[in-house]
Structures are given as C-alpha cells and as structure tokens.
Amino acid sequence: MTALLDVAGLTRRFHLAHGLIERPRILTALDDVSFTLAHGRSLGVVGGSGSGKTTLARLVMALDKPDAGTVRLDGEDLNALAPAELRRRRRKFQMVFQDPRGSLDPRMRVERIVAEPLDVAEPGLGSARRERVAAALEAVGLDRSALSLYPHQFSGGQRQRIAIARALVTAPALVVADEPVSALDVSVQAQVLNLMMDLQRERGLAYLFISHDLAVVEHIADDVIVMHRGRIVEQGPAEALFRNPGHPYTLSLVEAISPFDRMPVDHTVSPSPALRPRPSAREMLPSSGGCSYAGSCPFASGHCHRETPSLIATGEDRRVACLKPLA
Amino acid sequence: MSETASPLIAVDRLAVSFGDPARPLAAVRQVSFTLAPGGTLGIVGESGSGKSMTARALIGLLPESARVSGTVAFDGRDLLANRERDWEAVRGRQIGMVFQEPMTALNPAHRIGDQIAEGLIHHHLLDRRAARAEALRLIERVGIARGRERIDAYPHELSGGQRQRVMIAMALACKPSLLIADEPTSALDVTIQAQIVELLSELRAEYGLALIVISHDLGVIADLTERTLILYGGRVMEEGGTSALFRAPAHPYTRGLLAARPGRHKAKGEHLDAIPGNVPAIADFPPGCPFFGRCTDGTERCRLQVPPPVAVGDSLARCWFPQGQASGGQA
Amino acid sequence: MTSAARRNPALILGLVLSAVIIAIALISLVWTPHDPMKMAIVERLRPPGGSHPLGTDQFGRDVASLLMRGAANSLVIGFIAVGAGLVAGVGIGTLAAARAGTIVDDIVMRTVDFAFAFPAVLTAIMLIELIGPGTGDAILAIAVFNVPVFARLSRASALSVWATDYAAAARVSGKSRLEITLQHVIPNIAGVIVVQASVQFGLAILAEAGLSYLGVGTQPPNPSWGRMLNDAQTFLKVQPLLAVFPGLAIALTVLAFNSLGDGLNRLVDPKQRDAGR
Chain A
6 MTALLDVAGL TRRFHLAHGL IERPRILTAL DDVSFTLAHG RSLGVVGGSG SGKTTLARLV
66 MALDKPDAGT VRLDGEDLNA LAPAELRRRR RKFQMVFQDP RGSLDPRMRV ERIVAEPLDV
126 AEPGLGSARR ERVAAALEAV GLDRSALSLY PHQFSGGQRQ RIAIARALVT APALVVADEP
186 VSALDVSVQA QVLNLMMDLQ RERGLAYLFI SHDLAVVEHI ADDVIVMHRG RIVEQGPAEA
246 LFRNPGHPYT LSLVEAISPF DRMPVDHTVS PSPALRPRPS AREMLPSSGG CSYAGSCPFA
306 SGHCHRETPS LIATGEDRRV ACLKPLA
Chain B
10 MSETASPLIA VDRLAVSFGD PARPLAAVRQ VSFTLAPGGT LGIVGESGSG KSMTARALIG
70 LLPESARVSG TVAFDGRDLL ANRERDWEAV RGRQIGMVFQ EPMTALNPAH RIGDQIAEGL
130 IHHHLLDRRA ARAEALRLIE RVGIARGRER IDAYPHELSG GQRQRVMIAM ALACKPSLLI
190 ADEPTSALDV TIQAQIVELL SELRAEYGLA LIVISHDLGV IADLTERTLI LYGGRVMEEG
250 GTSALFRAPA HPYTRGLLAA RPGRHKAKGE HLDAIPGNVP AIADFPPGCP FFGRCTDGTE
310 RCRLQVPPPV AVGDSLARCW FPQGQASGGQ A
Chain C
9 MTSAARRNPA LILGLVLSAV IIAIALISLV WTPHDPMKMA IVERLRPPGG SHPLGTDQFG
69 RDVASLLMRG AANSLVIGFI AVGAGLVAGV GIGTLAAARA GTIVDDIVMR TVDFAFAFPA
129 VLTAIMLIEL IGPGTGDAIL AIAVFNVPVF ARLSRASALS VWATDYAAAA RVSGKSRLEI
189 TLQHVIPNIA GVIVVQASVQ FGLAILAEAG LSYLGVGTQP PNPSWGRMLN DAQTFLKVQP
249 LLAVFPGLAI ALTVLAFNSL GDGLNRLVDP KQRDAGR
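Going down the list, the protein sequences come from chains A, B and C. Everything in the first sequence is counted per our numbering, starting at 6 for the first residue and increasing by one. Everything in the second sequence is counted per our numbering, starting at 10 for the first residue and increasing by one. Everything in the third sequence is counted per our numbering, starting at 9 for the first residue and increasing by one.
One chain only, chain A, in its complex shape:
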C-alpha cells in the first residue's frame, strides 16, 4: 500500500540578497528531507526557529516549490500537476494555521470562510452548501448561528475551531497543522487538542503536526521527526524517541520540557530543579562545517566539525543523523 504522503529528498534554498558589495548568500532552509505518513497516522515535526518546519509545511501544502525532491500525495507528485489540476486535488489535503486571527479573512462571514474549499471542490451545491458548512461547524463544536457572524465576534479558541471546520469541510485525508494551539490561551489549548484528537479518530485523518511544544507532540503524534537547520536529525516513534533520544539535540529538547509536563498534578514531591540537567547560561555558537549541531553539542569531537552525518537506522523505525548517537 502506498503511503498517503511521501516526501523524498525535499530541498529548498533561498537566495538572500545582501547589499551591493557582498555576494548573495544562499540559505538552505530544507536539506534533503524524506519521510512518509500513512493514512490515519500523526507525524509530529519538532525543532527550533530556523529548523525548516514552516518551510516544510509550505512545501507539503504546495504553496511553494522545492528546488529538489518530490511531495507525493497518494502516489501523485504535486509539483508535476498542472495548476488547475493541483487546485482540484487540494480538497484532499488541508491546513490549519497557527494564528486564527490571521488565517480568517476579517471581512468575510463564517459561512463563506468555511465554504471556501467546498466552493472549489464542489461548486454549485446550492442550498446543500449551507448544510455542509453547518455540519462542519457542528463537528467542531460550534452552533450554526455562527454562519452569519464575522471572525472578530469569536474568541481565539472559537476562531481556531472555525479554521479547523474549514480544513475539514471537504473531508480531506491529510491535515497539516502548523503550531495549531500555540497562539491560543493556555486554558483553551487543551480543548482544541481534544477536538483534533476526536476528529482524527472519527474521520481517520492523518496529521502532519508541527509544534515547538514537545509535551503536546508527545501526546498527539505517533511518530516524530526532529529538525535542526533544515535537516532531519532524528526520526522514530514518539514514545521511544522521547524516552530514549538518540540525537543530542533531541535530548536538549526533551530536557527543556517543563517539570510540570513531566509530573502528574497531584505529585507528592516538589519539582526539584537540581535533578534536572542544567542548561548552560552561555550562548551556543553554530558550527561552520560538519554537523550543524556540533557547535552546541556537549558531546562533539573534532570529527563532528568536519563530517556531516547522514541519517542512519539505529533500530526498528528509528534513524539518527549523528556520528556518536546516544541510543
């Protein structure tokens, strides 16, 4: 069976114009990224800013073209499709953006916003259109009275529900979610995460779930890829990867998870920061050659600054790009 999403060798470079005198610099935002995602599964993507997470999301959504590599959805190369053909395919893969204040057109009513993908996928629905939109709204826990309102009449959490309804209205197989809860109030994040998990179970959705919040990714994702400066440094099943990180960068991310997310609320011992590995208060420098993490890596040797490690299988379903993997 072919995977729902098959990303192979994806590379994207940006040319940074740098004044008249300096030579233009090339930033490799995404470097030879490959992975697959099966129907109904969740793949978490974690990494810091500049890791290429958002570039990856844009390329998977075919909002941008790669310099090399392919994005296949159900076996079909998205970038080989004619523009009109691609637009017809879009009903199968949808996106939820980070900030619902920016992803809903302030001048449109909710009905028109949610209907947008439907109008392309199934034009001329007539009165059935309103029913489809109302059903999508009800599926995300909003009343049909929302149809005639504008986005600003809703709270942040409700707006994100509207954005999710829009992503679901054409019954897609894949939803790319780029930091879907990080712009929301802490007290409503859990509601939206619960909703996303319910929808996945009910509809067999596959998620490409991008987040900087490891606790959230660990809770939601089946598999995880860890990115650093445009490359995948580690990938594997979420539980194994977080319990037993193979790459030092993954370890540093896991260590940065707050003590609250490691302990039950009714814990009897107080959080003891002394037991946690203490991060250095000093700045880490990026390395110029070799492994992109070598400059910040506590385990790096001279070798690491010269040789770029490739992604190698270290166990069942696990791959690590490190010359001296931890696990």
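It should be emphasised that the hints constitute simulated quantities derived from the structure, not laboratory data. Keep in mind that a hint or two might mislead.
[Unchecked claim] Have a look at the derived ranges for each label pair, beta carbon to beta carbon:
hint: 1; chain 1: A; residue 1: Tyr155; chain 2: C; residue 2: Glu137; range: 50 to 58 angstroms
hint: 2; chain 1: A; residue 1: Glu321; chain 2: B; residue 2: Arg146; range: 37 to 45 angstroms
hint: 3; chain 1: A; residue 1: Glu260; chain 2: B; residue 2: Asp306; range: 31 to 39 angstroms
hint: 4; chain 1: A; residue 1: Arg117; chain 2: B; residue 2: Tyr216; range: 37 to 45 angstroms
hint: 5; chain 1: B; residue 1: Ala292; chain 2: A; residue 2: Gly294; range: 51 to 59 angstroms
hint: 6; chain 1: A; residue 1: Lys70; chain 2: C; residue 2: Leu222; range: 37 to 45 angstroms
hint: 7; chain 1: B; residue 1: Pro295; chain 2: A; residue 2: Tyr155; range: 20 to 28 angstroms
From the three backbone atoms N, C-alpha and C, an ideal C-beta is built for every residue, glycine too.
Add chains B and C to chain A, keeping to what the hints say.
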C-alpha cells in the same frame, strides 16, 4: 498584615481601567502583593488577565487613557504619584525591565554596546569610556560569545536569544534593585528558553536582585520564582509559595491550568482535562468571581460576590469553594 | 454625532464641505442666478452686489453662476479622471501583486514608474497634439497621472494581503489567483483605495484648474475655475476679486476632499481606530 522585613515593593489594591468612567473596562482589579528585597515573584495569567497591565503600572508605562488607583510603594515612595520626570529616575536606575520581544524593545539604529552603556551615562554613573568597558563586561557576563566583536553589532545582526541577552544586560547595567521580566522567554526557542532562564537565575543571585517574572508559562515561573500570583480576569485567583501552589493548587482555575497540560499523567492520545469555555472579553466578566461560567463548581454566589482570600495550606485562594480544607476565613 | 465629531473632526468637515460643493454643482445644472454663458458688455466688471452677488467678469457674465457651473465641470472631470485612474491603477497593482517577484511584476511596475516620471502638464500637451485641445485631453491627462498612484498603492497593500494566512488558506482551498484577488485582496484594500481616491479627487480638481489656466483644459465658452483665474489675471488691477473667488473655490474644494480622505483614513485604519479603546 504581619511585618517581617520592610518590603522593596508593596502593591496595594492596584486597579487599572479604561474607557467610559460610567462603564469602565477593568483590566486590573484590586491586585495586592509585596516583595522583599532579593525576593522573587511570578505572575501567571493568560490574555485579559491583567498581568501585563500590572507590570506596566509598576514601571509607569500604562497608556495615557488608563485610570489607575491603589498604591505601588517602592522603597517607601508611592510610584503612582510619579510624574514623567520622576519615572526617569526610577526606570532603568532602580527598576529594570526585560520585554517579551527584544527586537522591538531595542533601537535598531544603535549599536548594542552603546545601548547598554546609554543608561550608565544617562544616570551619570560612569563616563563614556568606563561605560563602554562596563558594557563589554556585561555582554560577556550575559553569555554572548565573542563580546569584543559583538559590542559594535546592531540588533538585527543578532539572533533572538542574543537580543534577549542584550536586553538583560541593558536592564542590569545600572544595578537596579528590582527586575521585571515580562514574558522573557515566550518569543524564543525551547532550548534557548532554558538558557535564558538559567541566566536570569544566576544573575538574580549574583546581583541580589528582586525579580518579578510575568508569564503564561508555568515552567518558567517554577524555575525562577519562590512565590506566585495567579491572575484571571484582572483579579488575583490564588497566591502562595510556587512549589506548594503548583503541588497542591487550591483554586479551581489553578487546578484547571495544571491539569489541562498534556503531561505524563495522561496516556498518549487520551482526552486532556480541558477547562470548558473561553476567556471572556474584559467587559463580559461576571461581577463576582471572574472564573464563574468556566468553573465546574460555580454557584449564584460565585457569580455575584467576589470571594475573599481563604488560606488553604500555604496558599491564599480567592474562591468560595476551594479545594482542600479551608483553615481560615469564613463564608 | 457630537462625540463622533470630536473623535474625527476631519471626517465631519470633509463630509459637510464636499456635500455643499456637490449640492451646488448639482443645482447649477438646473438653476443658476443668471445664465452663465450670457454676455452683457454693459454690465462688465461690476463689483459684487445687487443682482450679481459676486459681481461680473470682463464679458458681463455673472461670476456666481460661472462658479456654480464651474463646480459641476470640475467635479465631473475629477470624477471621471480619478475613476479611470483608479480602475486601471488597481487592476495593474493587484495584477503585479498577484505575480509578485515574477517578470510580470517587474515589467508592469517599471512601466508605471516610467509613466509616473512624466508631469501631467507634459502628458496633457502631448495629448493635445494627438486629439486636439478640449475637456477630453484634460480628463485623459489627469487619469494617466492617477494610474501610477493607484497602481503603487494597491500593489503595496495587496502584497500585505497576500502575505496573510487567510490568503494562504484561500490558496490551500484551491482558489485561483484571480479569485483570491477579487474575493480577498480587493475587499481588504478597498479602504485605503477609497481614502486615496478622495485625496486624488482634490488634486485632480487642482490639476484641471491648472491645465485650464494654461489653456489646455476646458475650452471657452465652458466655464472653468482655472480659466476664470486665467482671465482674471488681465484685470487684476481693475477687479482683483475676480481672481479671489475662483481661487477660493479651488482651495475649499481641495480642502474638502483632502479632509474627507484624512477622516476616512482614520475610520479605516485599525491602529487609529483602536487607539480610543
């Protein structure tokens, strides 16, 4: 109130409101706390909680349209009586501030070394040469590598984490006795966040600073502070020792916040214990407890009457029905 | 209303003044105190008073009537010229924005820059060579002058709409660039365009007066404020008021539409609007 040592800062019934005086929008309502010299306090809250307005009131940066009442006694002086000229002697000199987004708080047209030195020169603490030497020392102290090169860099040439380090250096330059950090890590990557938290905690001990950290991130609060204030809808919901408060939260809101995080107490993919409902707009909070309407225990009394503080263990919870046995206060 | 006036005095001033001017222009089409075309040499160069509240010109025509009909003339020219410039400019600007970074964007915007480099007067004079003097070339010259203004503004505003997540969401939905331009971009830039249009309207009236003053705009015997100024020049010593009235009319009209633009800007700019909250 028991008097132990004279506090560095004592906030008493601080209130900030906006709009039509007949129907004011209350952003901060009756917030009180004290902080001893060298002490640490976390202020936790989400949007509309009043945490940022509280911070701004402490440093005189409220919008012109704000109406303020209550007192903010700092070193025995009421800061709320300050005029703009009086503030200039306080800001930077006695109270330092670190903002969430260093890119907007730093001046893009000036070199970072000059920006750090500026406060020292402005407050006549050092001459130009000495101020530059001190700026270099600070740049290196806050952990920026290759300080001698970076002292002449412009803010846009630095990464987000470096800029936040520069902000901290600027805030500390005049050796203030209080540092207010408003979401100091929220704009940064997780691994950088941990470094900045570590830096703040080192510097606090080194300078003997009192520290107020404002954040929605419970982890940052836990790492940096001894006492915590939980704000919601402009009111204090609960206050107490940080570790006790997070270990045994008494207020339903605090409990809800802690339980809603996906943590090790939940199996993978299991439903999270979400707080129902949404944060209301400021005008829509009920007259009584602001959490009424989202709280599972809410009654008519909660809706109409502001609960008094009730001691539960080591914390004070403003709730009619706090978790755990109420050891003081009466209904 | 009173609080609205206090919050946005420019809007109120602009609305009232422009409403008065438009009303006068409309009335002039059906009624003027005297026939503005009718000459009466015996009555020439009368000072204000009597049956001629603003006096008469060198041909004995009633100045008040000329000003009224001139208002209609100016407004029509301004409306057509700005309207044409707006439609063409917004079309060009949004096209360039939809194709930002491509060769289409470059070609379109460089052409616009080139057109912008020509003064309106020069354009008008060239057009007279082509189509002969008259109202038509004034309109065309002013319209051409307006195209780059709207093209640049709408390109810049459209680019910021294209950068939003809701534009990305529309692409994710499968909408074409044209559909996104029509459904998302134009509704969201309409505010700034309307603001600019009212400012440009004031400028167009000034430009028309300037062109007519030079003799390349409205041709006699049609009344025009610019021509009136030109004619008044000769009699400045004898009857200086002849220059004052059309000058005042031009100044007030420009003020009216600039205030309107300013006021509307305050109304649509969310930053200024939210400042009161």
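List, from low to high, the hint numbers that the structure doesn't satisfy.
2, 4 and 6
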